[in-house]
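Just so you know, the working numbering puts 786 at position 786 of the sequence shown, and the rest follows in order with no gaps.
Because the hints were derived from the structure by calculation, they are not lab data. Any given hint could be a false lead.
Quick list of in silico lysine-lysine cross-link-like pairs, DSBU-like style, CA-CA up to 35 Å [claimed, not checked]: (1) Lys497 to Lys322; (2) Lys137 to Lys177; (3) Lys471 to Lys322; (4) Lys322 to Lys458.
No experiment lies behind these values; they were computed from the predicted model shown.
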Amino acid sequence: MSRLDITQRILVGCVLQGRDGMELVQMSKSLYDLPMQIKMNERQVIQYYWKKCCPRWREFKETVRRCGFDMFEAYAGVKTRTIKSPVCNSTTWWKTSYKTGMTSDWWWQSLTGECVASEEGVKMVRFTLGESLCSAKLSKQIKMLIAGSVDDRDVFPLKGHIGAVTKVNVFMSDAVKDARLVLGDDVCQILLEMIYMRRACTGRCTYNDEACSWLLWCVAALEGGLNPVPALLVSYDDLKEMSNDLKGCGVVCNPFAHMLVEMAALEGRGIGMINIENELRKRTDPESFEGMLAKFNAEDLTRVVRQIVREERGVIVCPDWKRSWANRFATTKAGSHNVWAGQECSLPKQQLTRRNYVEAVDYMGVDEIEPRGYVSMSQKLEQGKGRAIYALDSDNYLRFDPPARAVEQAWRNKRVVLAPSGEDQVQDTERRGKQLRKWKLMFDYKDFNSAHTTEAQKIVVREIFDFLPEKWLRWLVDSFDNHKIKHPTSSELLHVKGTLMSGHRLTTIINTVLNGAYVRLVLGEDLYSRLHWEHVGDDVVASTDDADTADTTIGKLMASDLQLQRNKQGFGRWCAEFLRISYDGHIGTGYLARAIASGTCGSWVTDLKLDSSKYIVSVLQIMWTLRQRSQGYTCSLLFTSTIARRLGLSYEDAWGLATGRVSLNGSPVFGSNSGNVVHIKYGQTCGHLQVSRKVRGIRLPRKAATDYAANSTEYSALVKSGVHRAVLDRAMLEASYSNLFERNPDRGQQTEYSEISIDNRWIRPLGYDTKIAKNNNFGALANLLGSAVSDEQWLRFGDIIERDVSTLTSYGNTEEVVVSSVFGTPYSSLRYIAKVIRQNCIYTTVYKLML
Numbered sequence: 001m002s003r004l005d006i007t008q009r010i011l012v013g014c015v016l017q018g019r020d021g022m023e024l025v026q027m028s029k030s031l032y033d034l035p036m037q038i039k040m041n042e043r044q045v046i047q048y049y050w051k052k053c054c055p056r057w058r059e060f061k062e063t064v065r066r067c068g069f070d071m072f073e074a075y076a077g078v079k080t081r082t083i084k085s086p087v088c089n090s091t092t093w094w095k096t097s098y099k100t101g102m103t104s105d106w107w108w109q110s111l112t113g114e115c116v117a118s119e120e121g122v123k124m125v126r127f128t129l130g131e132s133l134c135s136a137k138l139s140k141q142i143k144m145l146i147a148g149s150v151d152d153r154d155v156f157p158l159k160g161h162i163g164a165v166t167k168v169n170v171f172m173s174d175a176v177k178d179a180r181l182v183l184g185d186d187v188c189q190i191l192l193e194m195i196y197m198r199r200a201c202t203g204r205c206t207y208n209d210e211a212c213s214w215l216l217w218c219v220a221a222l223e224g225g226l227n228p229v230p231a232l233l234v235s236y237d238d239l240k241e242m243s244n245d246l247k248g249c250g251v252v253c254n255p256f257a258h259m260l261v262e263m264a265a266l267e268g269r270g271i272g273m274i275n276i277e278n279e280l281r282k283r284t285d286p287e288s289f290e291g292m293l294a295k296f297n298a299e300d301l302t303r304v305v306r307q308i309v310r311e312e313r314g315v316i317v318c319p320d321w322k323r324s325w326a327n328r329f330a331t332t333k334a335g336s337h338n339v340w341a342g343q344e345c346s347l348p349k350q351q352l353t354r355r356n357y358v359e360a361v362d363y364m365g366v367d368e369i370e371p372r373g374y375v376s377m378s379q380k381l382e383q384g385k386g387r388a389i390y391a392l393d394s395d396n397y398l399r400f401d402p403p404a405r406a407v408e409q410a411w412r413n414k415r416v417v418l419a420p421s422g423e424d425q426v427q428d429t430e431r432r433g434k435q436l437r438k439w440k441l442m443f444d445y446k447d448f449n450s451a452h453t454t455e456a457q458k459i460v461v462r463e464i465f466d467f468l469p470e471k472w473l474r475w476l477v478d479s480f481d482n483h484k485i486k487h488p489t490s491s492e493l494l495h496v497k498g499t500l501m502s503g504h505r506l507t508t509i510i511n512t513v514l515n516g517a518y519v520r521l522v523l524g525e526d527l528y529s530r531l532h533w534e535h536v537g538d539d540v541v542a543s544t545d546d547a548d549t550a551d552t553t554i555g556k557l558m559a560s561d562l563q564l565q566r567n568k569q570g571f572g573r574w575c576a577e578f579l580r581i582s583y584d585g586h587i588g589t590g591y592l593a594r595a596i597a598s599g600t601c602g603s604w605v606t607d608l609k610l611d612s613s614k615y616i617v618s619v620l621q622i623m624w625t626l627r628q629r630s631q632g633y634t635c636s637l638l639f640t641s642t643i644a645r646r647l648g649l650s651y652e653d654a655w656g657l658a659t660g661r662v663s664l665n666g667s668p669v670f671g672s673n674s675g676n677v678v679h680i681k682y683g684q685t686c687g688h689l690q691v692s693r694k695v696r697g698i699r700l701p702r703k704a705a706t707d708y709a710a711n712s713t714e715y716s717a718l719v720k721s722g723v724h725r726a727v728l729d730r731a732m733l734e735a736s737y738s739n740l741f742e743r744n745p746d747r748g749q750q751t752e753y754s755e756i757s758i759d760n761r762w763i764r765p766l767g768y769d770t771k772i773a774k775n776n777n778f779g780a781l782a783n784l785l786g787s788a789v790s791d792e793q794w795l796r797f798g799d800i801i802e803r804d805v806s807t808l809t810s811y812g813n814t815e816e817v818v819v820s821s822v823f824g825t826p827y828s829s830l831r832y833i834a835k836v837i838r839q840n841c842i843y844t845t846v847y848k849l850m851l
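Generate the whole structure from the sequences, applying the supplied hints.
Shown next, in the form of structure tokens:
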């Protein structure tokens, strides 16, 4: 037996014993004869879950008493409830995928439940839940919450951030209404009491979005055959430790393990605010980040970076500054603009975007301003934590963007990957999974942005942009020596002494290239070449068939000066984790808890409330993702009341959408049988943007749009096709300034019902390439116009540019093309496939991707 086989046994055994597995990976050979499993199977995951969580119960009770909570008296008795699981096919599906050799009933005969009956193909599961005997006052309050006679915010208050009011996708009151139908009042009572009592673990109240996320997770766990109560008893730190253990064993594709990782995300956004002064010191005080830096000889680093560029960069098209400036309308992303940095411009006094800025400024030569970067600091509210974001000013962005685009388009993405996925995620993940070898190694850096010296960043810029004119390249390189951060409270400009800014246009490129370079320098070219590698940003995954190679690689990297987090490294024979997807050659899966938290909270990047059209797109994708990752229906059902309330639909229609049986505006439906499905064509009346050349008395400049119209072949081709200039100008005005325009209120909705027949079957075999042109972008304007242009005009436009533009015509409109599918295909891939197939069909993939 190879050394790595035995090491994997030790690792899994240590995790089951609750010990630090990664610390014991390099244990002495005397332990190699321990009789442990080579991989952590399903039953072992359940055993670990109970070992990890149940001993915390005694600590939980002690904490309750110590904190003086009078509402919790004892834990006694049991409450038994029989739950119908609407998904029984998932048992067979997982069994087939992993060839476990177990009987089909093993799923239900774990430590969490007992298979007691089977009626008409529906599994019946009896769960034994602990009954939490709270104080009479709390118990009554929760009963009233379940009955809908008390405000959910009185029990589970909202967080102080405005996003908790305007951006969440589902509130606790709505979720509880639906949970009553799914679980019944008794189980709801127990779960809500336990969720409420998590305050004994956290030392604070359980917030509304946090409680809602926990309820969704509990419902999904119950349907999947996992008792959720033990997880409710432990702190978020313990949940993080459990996640790291399971990832470290490389077993997260396990049907239970993927439900148990990253559960700390259920805490939601707006938790763990950053310390501004500490964060600023990490960028401006060399003593604060000295120990984080990856220090390599400049000559050696240059040599390796040059080798990476030689391997990865294809034929490059050198951008021209004047042409890039004239094309800025089409290429500038709508990121936030630092209003205190850059040229003076006549725009309304409010938060502006880069698109606003480029419309308002005059042409400048690439070196007409000094090489510099002005940095604004803000907090990004992630799930369960806050993170400091450092965004560069728009002038800096405009000079880095054209060459960065040229490099990204020419990059081969072999080992150092700048574009990890395209529109067909299934195809990309399958390719990645098929390339994996026997031993999978996953490494995790601690604050990778802080690992880079200023000189290392300049080396990357010099090597990847060596095709640029001298004065342009010199400006880019010299700008790294002149980064200044504006203090959020004092407005003082602080000079950056090192580390990479997270909001730089080259953040991903620099991180990815240096990621590959550092590893190659540590391992040496010979050892590095013996493994299959993928580097994206700060993520690293490697695999090899040779045990000694894997063992040597682990040892060298862990002994190096790279800041790798020992408790977050992983290796295994079963699957790999990369970009928050755990995958092998047959299946890839995302993490349920993270999807639940993101789906509940929504995005808190801006304070703007989603209009109905954007909400529809968002919530349909969220529910599809929850069904995929939970392998069931019940989790998404808790969105029913929210959908009915926000869209004005009947409860029956909303229930159909939540189950995936009803299509809304061409959304995919959930199923594998041919027949008719109900299709709802839904649209809000009014609600249009009030597009105007003036906002609050200020006439909006249109310099970028004017330059694009004068220099773009696309604009002239559309005019020659018969599209009126007024139509084009309005579309360009809305694209540049939509953030400044008011939106008319939604006064009602229109719904049209129809039945759509789905009979055709379309099976995507393994290794199938969808053969879709990667460049589906017909131009910045063409993608904005939509139905404002007639089919005849689109066809004339296609003749002029000599391309097939049928996807732009009404024939290519997939709003009423319905694709039916079950587990294994992400929502975005199905919408993409609808554009390709352009017919109602049942779509199946052999490779399963649970996203």
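Each hint, compared with the structure:
1. Lys497 to Lys322: 32 Å, holds
2. Lys137 to Lys177: 21 Å, holds
3. Lys471 to Lys322: The hint holds at about 14 Å.
4. Lys322 to Lys458: 24 Å, holds
Of the numbered hints listed earlier, not one is contradicted by the structure.
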